[in-house]
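Participant: Build out the structure end to end from the sequences listed, making use of the hints.
There are 4 protein chains.
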Amino acid sequence: MRAPVMAKDDLEHFLSREFPQAFHPESGILIEHVEHGGCRVRLAYHARHIRPGGTISGPAMMMLADFALYVAVLSAIGPVALAVTINLNINFLRRPAQRDILAEARILKLGKRLAVMEVHMFSDGMDEPIAHVTSTYSIPPETRG
Amino acid sequence: MRAPVMAKDDLEHFLSREFPQAFHPESGILIEHVEHGGCRVRLAYHARHIRPGGTISGPAMMMLADFALYVAVLSAIGPVALAVTINLNINFLRRPAQRDILAEARILKLGKRLAVMEVHMFSDGMDEPIAHVTSTYSIPPETRG
Amino acid sequence: MRAPVMAKDDLEHFLSREFPQAFHPESGILIEHVEHGGCRVRLAYHARHIRPGGTISGPAMMMLADFALYVAVLSAIGPVALAVTINLNINFLRRPAQRDILAEARILKLGKRLAVMEVHMFSDGMDEPIAHVTSTYSIPPETRG
Amino acid sequence: MRAPVMAKDDLEHFLSREFPQAFHPESGILIEHVEHGGCRVRLAYHARHIRPGGTISGPAMMMLADFALYVAVLSAIGPVALAVTINLNINFLRRPAQRDILAEARILKLGKRLAVMEVHMFSDGMDEPIAHVTSTYSIPPETRG
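Chains as they are written, first to last, in the numbering used here: chain A, 32 to 176; chain B, 32 to 176; chain C, 32 to 176; chain D, 32 to 176.
Among the hints, a few may not be true.
[What the hints assert, rightly or not] DSS-like, lysine-lysine: derived pairs with alpha carbons at most 27 Å apart: (1) B:Lys-143 with B:Lys-39; (2) C:Lys-143 with A:Lys-143; (3) C:Lys-39 with C:Lys-143; (4) D:Lys-140 with B:Lys-143.
[What the hints assert, rightly or not] If we take Cβ atoms under 8 Å as the criterion, some of the chain B residues that face chain C in the derived model are: (5) Arg-125; (6) Gln-129; (7) Leu-139; (8) Pro-160.
Hints in this document: simulated from the structure, not taken from any laboratory. All of these numbers come straight from a predicted model, not from anything done at the bench. A virtual CB, placed ideally from N, CA and C, is assigned to each residue, including glycine.
Facilitator: Laid out in C-alpha cells, this is it:
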C-alpha cells in the first residue's frame, strides 16, 4: 500500500482550517483511515441527520460522500483547495440502520485534469452497502502541470 | 397549468411536521411556487452553507435539490412520506454567486412505480444554471395502485 | 440564435470522414438541425435496432445520444476530433414507439476544459420524452487555450 | 459462490432466441463466466467497433455494458424478458487498448422491484479499468411477487 501524500493528521489540520463548516468537533465526521488514493470516513448517528423513521437522511449521506471524495483526492495530490466536484452520481441501495455510517472512497482514475472516484457506504457493522457513489473532480492546471 | 395535488400551504404544513430537520424557520429554505409536477424553491445565502471563497457548498446544493425533488413529487401524488430517492445525479456547472440559490424541479415521467425528475439550479437573478440534477424516486405500491 | 461554428454541411463532411462507422448512408442517422451549441438528429426506425416487441434498443438510443452530443460540441468549438466523453448518464423514461427517434442536444455549460450537455429524446411526432441524457466532454487543451 | 438461476448454456440459448440483434455468432460478444448476480462478458476487437485512432467506440462499450447488466439480472432472477433498464451512468476512465474488452457485472442490490448493478470494464490483459458503469433495472411485478 502506497503512503498518502497527506497523512491523517495533516488532513485533519488542513480540513479544520479550510472547511470548518464540514469538519469540526461537532460535525460528527471522523477520518478513520487514509491511504494513497483512498480513505474510510465515519458519520456519527446524530439527531440532526435523522429522518422520520429514524434513518439518516439522503442529504447527510451525500454530504458524507462528498467529504470522503475530497479526502481521497487530497490523499493523492496534496492540499489543493481548488479541486472541485464536477459530477456526483449516487444510488441509494438500502435503508440505513440506526447506526453510524461508514464511507469508503477510492480513486478509479487519477489523470492530469480529472480524478474519477467511487464510494461504497455502509451502516456500521453491516456487510451490505447502503449506497454507492461515483464522482468526477476537476484538478486545477497549476497543481499537476 | 394543472393545479397541484397539494397547494403551497399544505406542503409547508406537511413538510414542517414530517421533515422538521430539513424544513423549519431557520433552515433558510422557502417554497416559492408549486404547480402539478413542478416547483421552485429557494435557499437563503446563509453563513452555514458557505465554503471558503464565499460560495455555497456542494452538499448544501444537493440538499436543496433533494428538497425540490420531494416537493415536486408531493405536488403530483400527494402526501406520501414513503416515496424514496433511488438515484440522484448532479452536474456542477458554474461557481455559485454570493447569493441565494433557486432550484426549479419538474417531473419528466410519472409512472406507477417510479418518478423521474430534473432540477435546474441558479444563483438568484442570474440566467446561467449553476447545476443540473436528474433523479429517480420509487413510489410505494399502496399509493398508486 | 447564434450561428454554429460548423454548419450542417461541414459537420456532415467531417463526420463522414472521421466517423464513418457511426455516420454513413446506411447508418440511419441524419442531422436535421444545427445551431451554436445545439442540434437535432434523427435515427431511422431500422430493423437492426429493434428489440423483441418492436421498440428501438437501449444501446441504439445511447449511440444516438452520443452522436447528438458530439455534433453539439462540434457546433460550438469546431472540428476537434479529440474531444472525448468522460461521463454519460441516461434515464429511460418511456418505451419508444415503433417510429424514428429524435434527439435534441444542447450545451448547458461550455468551459475551457469541459462541456456539459443534455439531450432530450422523443419518438417522432410524440410530445413526451422517451429518454433524458446528461453528459460531460473533456476538451483538449490545445483547442481552447 | 452461489449457483446462477440460469447457467451459461441456458443464458446463451435464451439470449440467442430473445435478443438475436445483440447476441449472435457474428456479434463478437461472448459470455465467459456466470455466477449468481454476476458475470464476465467479452467483446472481440472487431473492425466495426473501431474509432479513428484504433480504439473501441463509446457506444460499443455502452452496448457491452448493457449486455453484461442484462446477463447479471438473468443470472439472479431467471428468464425475464421484461426487465428494463431505467438508468445507466458510465464513466470513461482510460482510452481502451487495441484489444478485446472485458466487462464484469455484479448486482449491488436486488430488491423486489429494482436491481442496482455495477460494471467494471477492462482491455483484455490489463489491470486498470477503462470504464465504470452503474445501472438500475426495473423488475416487472409478476416476476418477483
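Participant: All hints are to be evaluated individually against the structure, with a verdict given for each.
Facilitator: Tested hints:
{"no.": "1", "hint": "B:Lys-143 with B:Lys-39", "result": "24 Å, holds"}
{"no.": "2", "hint": "C:Lys-143 with A:Lys-143", "result": "15 Å, holds"}
{"no.": "3", "hint": "C:Lys-39 with C:Lys-143", "result": "24 Å, holds"}
{"no.": "4", "hint": "D:Lys-140 with B:Lys-143", "result": "21 Å, holds"}
{"no.": "5", "hint": "Arg-125", "result": "6 Å, holds"}
{"no.": "6", "hint": "Gln-129", "result": "20 Å, violated"}
{"no.": "7", "hint": "Leu-139", "result": "6 Å, holds"}
{"no.": "8", "hint": "Pro-160", "result": "6 Å, holds"}
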